[in-house]
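Chemist: Sequence:
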Amino acid sequence: MKTNAAAGLTDEKLIKQRNLLKGAIIGLGVFYLVALGILGYLAATRGVKNMAVALIPVFSLPITLLPLLISLNTLNKEIKSRNLSS
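With the working numbering applied, the sequence shown covers 1 to 86.
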């Protein structure tokens, strides 16, 4: 059975960890949108023929965001179970 690592954290550390994960997710999300914009611009100006290698990192980024989103969900559940606000 899995143990919940968030259960061992203090209230302050729990909120701090959640805020850190939120910041990381927002930062990576903005980076992802900028990368998609640059990729779209390059595809429009230079064509899509030689863009296959450039697509690999852009489309693998959502897969790297999944563990962060799962951790954030776990922290939010723990915060809700402790009836903490903010």
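Just so you know, these hints were derived from the structure itself, not from any lab.
Accuracy of the hints is not assured; some may be wrong.
To be verified - Straight-line alpha carbon distances no greater than 16 Å define the calculated EDC-like cross-link-like pairs of lysine to aspartate or glutamate that follow:
#1 Lys13 / Glu78
#2 Lys80 / Asp11
#3 Lys77 / Asp11
#4 Lys49 / Asp11
#5 Lys80 / Glu12
Chemist: Are the hints correct? Go through all of them and say.
Modeler: Quick rundown of the hints versus the structure:
Straight-line distance between C-alpha atoms of Lys13 and Glu78 comes to about 12 Å, which keeps the hinted pair within the 16 Å bound. Straight-line distance between C-alpha atoms of Lys80 and Asp11 comes to about 11 Å, which keeps the hinted pair within the 16 Å bound. With a C-alpha separation of about 13 Å, the suggested pair Lys77 and Asp11 falls inside the 16 Å cut-off, and the hint holds. With a CA separation close to 52 Å, the supplied pair Lys49 and Asp11 exceeds the 16 Å bound.
Pair hint Lys80 plus Glu12 holds up; C-alpha atoms about 14 Å apart against a cutoff of 16 Å.
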